[in-house]
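> Here's the letter readout for the chains.
4 protein chains.
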Amino acid sequence: MTGPVGHRVWVLPAGRIPFPSNGSEPEFTSFDALCVLNAGGGPAELALTVYYEDAEPVGPYPVCVPARRVRHIRFNDLIDPEALRLDRPFGVVVNSSTPVVVQFSRQDTRLPGSLAIATTLAFPADPGAPITVAAGPGGVGPAGAGPVGACDHDPQDGG
Amino acid sequence: MTGPVGHRVWVLPAGRIPFPSNGSEPEFTSFDALCVLNAGGGPAELALTVYYEDAEPVGPYPVCVPARRVRHIRFNDLIDPEALRLDRPFGVVVNSSTPVVVQFSRQDTRLPGSLAIATTLAFPADPGAPITVAAGPGGVGPAGAGPVGACDHDPQDGG
Amino acid sequence: MTGPVGHRVWVLPAGRIPFPSNGSEPEFTSFDALCVLNAGGGPAELALTVYYEDAEPVGPYPVCVPARRVRHIRFNDLIDPEALRLDRPFGVVVNSSTPVVVQFSRQDTRLPGSLAIATTLAFPADPGAPITVAAGPGGVGPAGAGPVGACDHDPQDGG
Amino acid sequence: MTGPVGHRVWVLPAGRIPFPSNGSEPEFTSFDALCVLNAGGGPAELALTVYYEDAEPVGPYPVCVPARRVRHIRFNDLIDPEALRLDRPFGVVVNSSTPVVVQFSRQDTRLPGSLAIATTLAFPADPGAPITVAAGPGGVGPAGAGPVGACDHDPQDGG
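Chains as they are written, first to last, in the working numbering: chain A, 401 to 559; chain H, 401 to 559; chain C, 401 to 559; chain L, 401 to 559.
Treat the hints as calculated values from the structure; they're not laboratory data. A couple of the hints might just be wrong.
With beta-carbon atoms standing in for the labels, derived distance ranges [stated by the list, open to error]:
| # | chain 1 | residue 1 | chain 2 | residue 2 | range |
| --- | --- | --- | --- | --- | --- |
| 1 | H | A483 | L | E456 | 28 to 36 Å |
| 2 | L | R488 | A | G442 | 28 to 36 Å |
| 3 | C | A455 | H | A455 | 53 to 61 Å |
| 4 | A | E425 | H | N422 | 44 to 52 Å |
| 5 | C | P466 | L | E456 | 50 to 58 Å |
All figures in this text were calculated on a predicted structure; none of them were measured in a lab. Ideal placement from N, C-alpha and C gives every residue a C-beta, glycine not left out.
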């Protein structure tokens with residue numbers, strides 16, 4: 401038997417959705433994105449918690465990544481429990497029900513006629529073993545825990 | 401004696417070959433690439449499995465990296481078992497017969513007159529010990545296992 | 401109970417604040433930045449030590465990241481004990497009183513009409529366990545230790 | 401007492417010095433660079449081995465990083481035992497006499513009027529413990545071992 405590939409907790413400190421955009425949409429729209437690969441045999445239920453410089457964390461944002469699938473999630477598309485504001489520093493903690501791998505990607509077209517891109521892996525915060533996170537202040541745990549969206553009713557799914 | 405350097409399983413979630421390209425070919429052609437270093441004394445037989453958002457994984461794509469060699473592989477050049485489509489989100493799991501190190505590199509010339517580049521290490525998914533991956537649905541195991549191309553008949557090798 | 405997320409020592413070797421800048425300020429000002437996420441329930445007191453090619457390390461620069469907050473710190477804003485010069489190679493060691501995650505981000509507008517960006521995680525240098533760093537030559541320890549700024553009087557806080 | 405920070409073996413697979421350059425020199429010259437931070441109390445003697453797609457590895461390139469210093473090394477400046485050719489895929493294994501941290505940085509000005517940059521940490525290949533590497537084929541060991549340049553006569557030091 402093969403175990404799942406990756407980690408269950410991923411951290412990304414340097415979020416900031418570039419604003420405004422230049423060029424035709426959607427291909428040249430500025431974005432910050434999380435790219436998740438679930439190589440496992442079952443769905444990965446993700447709970448994203450968004451951290452700010454000047455406000456309590458917001459979340460969980462439930463996201464589903466089906467078995468044997470990749471999913472590229474633009475932060476612009478996260479609207480429930482609340483939409484992310486553009487051009488505001490944020491970070492994110494991803495809690496997954498099963499091991500996945502998470503990569504960050506940015507496209508910046510704030511300057512007309514110029515395209516800038518950047519990418520990095522997120523940071524795998526758990527040592528490989530399953531972890532348990534408890535609810536903290538504001539209903540959001542220190543590591544962004546909380547009830548995750550079930551994969552059959554995922555509010556980020558464009559449904 | 402010296403052991404090999406690196407890991408045997410690497411994961412890259414944020415693939416998407418930029419399209420179209422601008423500027424002279426091939427130096428300014430948009431690409432996503434995997435760059436593999438095999439510092440060991442024997443060949444590394446790689447099996448790449450490509451994951452999508454909306455379809456079952458495809459693979460294995462066999463790739464050979466000879467002993468004491470680096471190899472930079474553009475995803476555009478992977479054609480067997482099937483060519484990757486441009487401008488489509490994908491991820492990849494690399495299984496290697498011997499430890500290697502894997503880095504991702506992107507060149508994006510979709511915008512005329514502008515060059516954008518990005519790079520990151522891929523994620524080393526095995527804890528350092530040899531792992532065994534079994535075949536799963538569609539003939540492709542959860543971690544992208546499968547028969548690897550022997551280094552003396554590598555279909556990605558430009559023949 | 402949930403433990404904190406991340407590491408207490410982070411290293412970034414490739415600092416160099418781009419100079420000059422082009423375009424409107426502050427959105428297109430060139431910068432090197434450290435982005436820190438503190439998902440824990442208490443404040444993180446950071447001590448940054450800056451390393452140079454041709455001079456002894458300078459620090460500690462105290463920085464506070466409150467509980468459940470992210471903080472994006474431009475190196476241009478570090479002024480105490482001394483301002484960083486622009487366009488000079490440097491590296492930084494971050495010591496934190498509690499586990500955090502650290503990412504590096506660069507914006508380069510030295511070339512008029514062109515925007516370039518890059519990002520990577522910093523390197524987590526401690527194995528996960530709390531570490532103790534002692535003062536070394538010049539009052540700065542090998543790993544950048546030293547007294548950290550208390551979170552209620554943070555000289556980098558723009559106060 | 402405080403131990404040194406980092407690892408002794410680092411790997412970078414995706415080298416390729418961009419060519420040609422556009423814009424004024426040296427600030428806009430295209431380059432690939434290794435950025436090394438030695439936070440320790442003694443000098444770090446580095447031995448770089450360069451790997452190619454179509455030739456045996458070349459090295460060691462001795463480089464010295466003094467105690468408590470950072471050093472940013474452009475691959476263009478490596479000339480002994482032989483200069484690196486531009487626009488040719490390569491990888492590098494760094495062996496250090498003492499723990500350091502290594503980051504890769506690229507500046508690409510091949511396209512007139514456009515600046516592109518990218519960065520990533522190199523891959524730390526040793527598990528943290530001191531390792532021993534033995535000489536292999538061609539006088540260069542599998543992990544790039546070999547006699548290192550003593551820090552008081554470093555041929556890459558611009559003499």
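> Which of the listed hints are not met by the structure?
2, 4
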